[in-house]
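Now for the letters of each chain:
Protein chains: 2
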Amino acid sequence: MSNLNLGEHISQQFNEDLEEVRSKVLQMGGVVEEQLERAISALVNNDNDLARKVVKNDVRVNALEVEIDEECTRIVARRQPAASDLRLVMAVIKTITDLERIGDEVKRVAKMVHEELEGALSEEIRQELEHMGELVKRMLNDVLDAFARTDAKAAFEVAQFDKKIDVKYMVITRHLMTHMAQDPSQIPTILNVLWAARAMERMGDRCENIAEYVVYLVLGKDVRHVKPEDYEAELIDD
Amino acid sequence: MSNLNLGEHISQQFNEDLEEVRSKVLQMGGVVEEQLERAISALVNNDNDLARKVVKNDVRVNALEVEIDEECTRIVARRQPAASDLRLVMAVIKTITDLERIGDEVKRVAKMVHEELEGALSEEIRQELEHMGELVKRMLNDVLDAFARTDAKAAFEVAQFDKKIDVKYMVITRHLMTHMAQDPSQIPTILNVLWAARAMERMGDRCENIAEYVVYLVLGKDVRHVKPEDYEAELIDD
Numbered sequence: 009m010s011n012l013n014l015g016e017h018i019s020q021q022f023n024e025d026l027e028e029v030r031s032k033v034l035q036m037g038g039v040v041e042e043q044l045e046r047a048i049s050a051l052v053n054n055d056n057d058l059a060r061k062v063v064k065n066d067v068r069v070n071a072l073e074v075e076i077d078e079e080c081t082r083i084v085a086r087r088q089p090a091a092s093d094l095r096l097v098m099a100v101i102k103t104i105t106d107l108e109r110i111g112d113e114v115k116r117v118a119k120m121v122h123e124e125l126e127g128a129l130s131e132e133i134r135q136e137l138e139h140m141g142e143l144v145k146r147m148l149n150d151v152l153d154a155f156a157r158t159d160a161k162a163a164f165e166v167a168q169f170d171k172k173i174d175v176k177y178m179v180i181t182r183h184l185m186t187h188m189a190q191d192p193s194q195i196p197t198i199l200n201v202l203w204a205a206r207a208m209e210r211m212g213d214r215c216e217n218i219a220e221y222v223v224y225l226v227l228g229k230d231v232r233h234v235k236p237e238d239y240e241a242e243l244i245d246d
Numbered sequence: 009m010s011n012l013n014l015g016e017h018i019s020q021q022f023n024e025d026l027e028e029v030r031s032k033v034l035q036m037g038g039v040v041e042e043q044l045e046r047a048i049s050a051l052v053n054n055d056n057d058l059a060r061k062v063v064k065n066d067v068r069v070n071a072l073e074v075e076i077d078e079e080c081t082r083i084v085a086r087r088q089p090a091a092s093d094l095r096l097v098m099a100v101i102k103t104i105t106d107l108e109r110i111g112d113e114v115k116r117v118a119k120m121v122h123e124e125l126e127g128a129l130s131e132e133i134r135q136e137l138e139h140m141g142e143l144v145k146r147m148l149n150d151v152l153d154a155f156a157r158t159d160a161k162a163a164f165e166v167a168q169f170d171k172k173i174d175v176k177y178m179v180i181t182r183h184l185m186t187h188m189a190q191d192p193s194q195i196p197t198i199l200n201v202l203w204a205a206r207a208m209e210r211m212g213d214r215c216e217n218i219a220e221y222v223v224y225l226v227l228g229k230d231v232r233h234v235k236p237e238d239y240e241a242e243l244i245d246d
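One line per chain: the protein sequences are S and H, in this order. Counting in this note's numbering, the first sequence runs from 9 upward without gaps. Counting in this note's numbering, the second sequence runs from 9 upward without gaps.
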């Protein structure tokens with residue numbers, strides 16, 4: 009499915025550099041996935057200890073971003089990549105920015121966990137949040153997979169998937185607004201739950217960004233401000 | 009104040025390319041500033057027509073991002089920049105991502121404007137939002153200025169300024185929560201105002217990101233996950 013000819017470089021070392029960067033991005037993605045998994049678990053189980061671990065662990069994500077960024081700059085300076093290799097480096101630079109920001113949103117979710125949340129989380133809301141978390145986890149996993157396989161079609165499907173998360177977010181928002189109206193004394197606490205849902209919705213947006221970089225990487229075409237429907241046809245011949 | 013020796017390139021054409029990119033970034037920044045100005049005016053005056061213009065105009069910001077991105081990729085491919093020139097290109101690529109996202113947040117503010125908002129906006133909240141908008145506008149203006157002059161000290165000050173916006177955001181949030189508790193029927197509308205304030209708070213975060221790229225550009229040091237206090241000393245000798 010890959011359109012990139014990673015085997016055709018003059019220098020073996022260059023190949024290794026690029027492979028190293030790709031695998032580091034996936035490593036960073038893995039850390040973010042683990043953080044997300046834990047943050048959602050902390051939120052729905054109101055687990056303070058786990059939430060604190062997530063907040064603390066965000067430095068790992070940040071450190072990987074800085075490391076990969078430096079590696080990319082080094083590659084551009086030393087290897088002077090052209091065409092698809094340069095696209096790969098550019099896509100990586102943008103991808104890790106979004107991965108790091110997903111990490112920030114994960115941290116935001118974890119920060120919303122605290123004792124008072126217990127009263128604000130009905131079983132229904134808890135299940136809704138858990139389900140939304142599952143959707144975001146799946147989206148993140150799928151986009152990392154599309155990146156790993158430089159699969160534009162899979163990336164396209166990820167970009168489409170974001171709509172499901174947006175719908176879920178609207179449903180949760182409506183429920184939370186009803187709760188606030190029913191029990192105004194709970195407003196500050198329920199707002200925290202709303203912020204957590206909002207953070208998850210933003211993660212979906214960022215996964216969509218990454219999906220667009222994968223399409224750029226494969227097609228050499230910037231689709232960031234193009235509706236998926238409008239470049240779908242180009243993926244058929246892929 | 010600039011540490012970049014933009015005059016020392018082998019090729020005159022290269023100089024011109026870099027200058028072109030720098031001026032396009034400032035042009036993009038100018039469009040975002042204008043959009044922000046209008047969105048805040050639309051919000052506090054509940055001006056639907058102006059809000060619609062802002063939403064429509066966001067395509068200009070997006071188009072500039074794509075254009076500058078392509079220009080940067082072209083420069084890297086053709087001119088194979090090293091050292092400080094490469095840093096400039098990398099800083100530009102990251103800066104325009106954040107500028108585009110500020111544009112998205114501006115659009116979010118504009119989208120919150122609608123008829124029902126009238127009832128939710130007390131004179132006090134209106135003034136608070138206007139003031140918060142002034143702070144964000146100032147921060148955006150200052151960071152673009154720091155970028156234009158590649159002034160790390162000014163960028164450092166911008167990064168510090170974000171704290172003021174965060175405080176303002178907390179004050180507004182508290183006021184809005186009180187309003188919600190007093191009149192639960194207004195909750196959905198007041199939440200819209202809260203989203204607008206949140207969007208402005210995020211703009212501040214993104215200005216801080218840009219400030220960090222300017223520091224990176226000048227000092228050649230990645231300060232994204234470093235507290236401003238911890239690199240302040242290095243700016244003294246600047």
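Be aware that one or more of the hints could be misleading.
One copy or two, it doesn't matter: identical chains are merged, so the pair holds either way.
Here are the simulated BS3-like pairs of lysine-lysine, each with C-alpha atoms no more than 30 Å apart in a straight line [what the hints assert, rightly or not]:
{"#": "1", "residue 1": "Lys-161", "residue 2": "Lys-61"}
{"#": "2", "residue 1": "Lys-119", "residue 2": "Lys-235"}
{"#": "3", "residue 1": "Lys-235", "residue 2": "Lys-64"}
{"#": "4", "residue 1": "Lys-229", "residue 2": "Lys-64"}
{"#": "5", "residue 1": "Lys-115", "residue 2": "Lys-229"}
{"#": "6", "residue 1": "Lys-229", "residue 2": "Lys-61"}
{"#": "7", "residue 1": "Lys-115", "residue 2": "Lys-171"}
{"#": "8", "residue 1": "Lys-235", "residue 2": "Lys-61"}
{"#": "9", "residue 1": "Lys-115", "residue 2": "Lys-145"}
{"#": "10", "residue 1": "Lys-172", "residue 2": "Lys-115"}
{"#": "11", "residue 1": "Lys-172", "residue 2": "Lys-145"}
Hint data in this document are derived by calculation from the structure and do not stem from the laboratory.
Do the hints match the structure? See the list:
{"no.": "1", "hint": "Lys-161 / Lys-61", "result": "neither (36 Å within a copy, 35 Å between copies)"}
{"no.": "2", "hint": "Lys-119 / Lys-235", "result": "between (34 Å within a copy, 20 Å between copies)"}
{"no.": "3", "hint": "Lys-235 / Lys-64", "result": "between (37 Å within a copy, 16 Å between copies)"}
{"no.": "4", "hint": "Lys-229 / Lys-64", "result": "between (38 Å within a copy, 24 Å between copies)"}
{"no.": "5", "hint": "Lys-115 / Lys-229", "result": "between (33 Å within a copy, 25 Å between copies)"}
{"no.": "6", "hint": "Lys-229 / Lys-61", "result": "between (40 Å within a copy, 28 Å between copies)"}
{"no.": "7", "hint": "Lys-115 / Lys-171", "result": "both (23 Å within a copy, 19 Å between copies)"}
{"no.": "8", "hint": "Lys-235 / Lys-61", "result": "between (38 Å within a copy, 21 Å between copies)"}
{"no.": "9", "hint": "Lys-115 / Lys-145", "result": "both (15 Å within a copy, 27 Å between copies)"}
{"no.": "10", "hint": "Lys-172 / Lys-115", "result": "both (23 Å within a copy, 22 Å between copies)"}
{"no.": "11", "hint": "Lys-172 / Lys-145", "result": "within (13 Å within a copy, 34 Å between copies)"}
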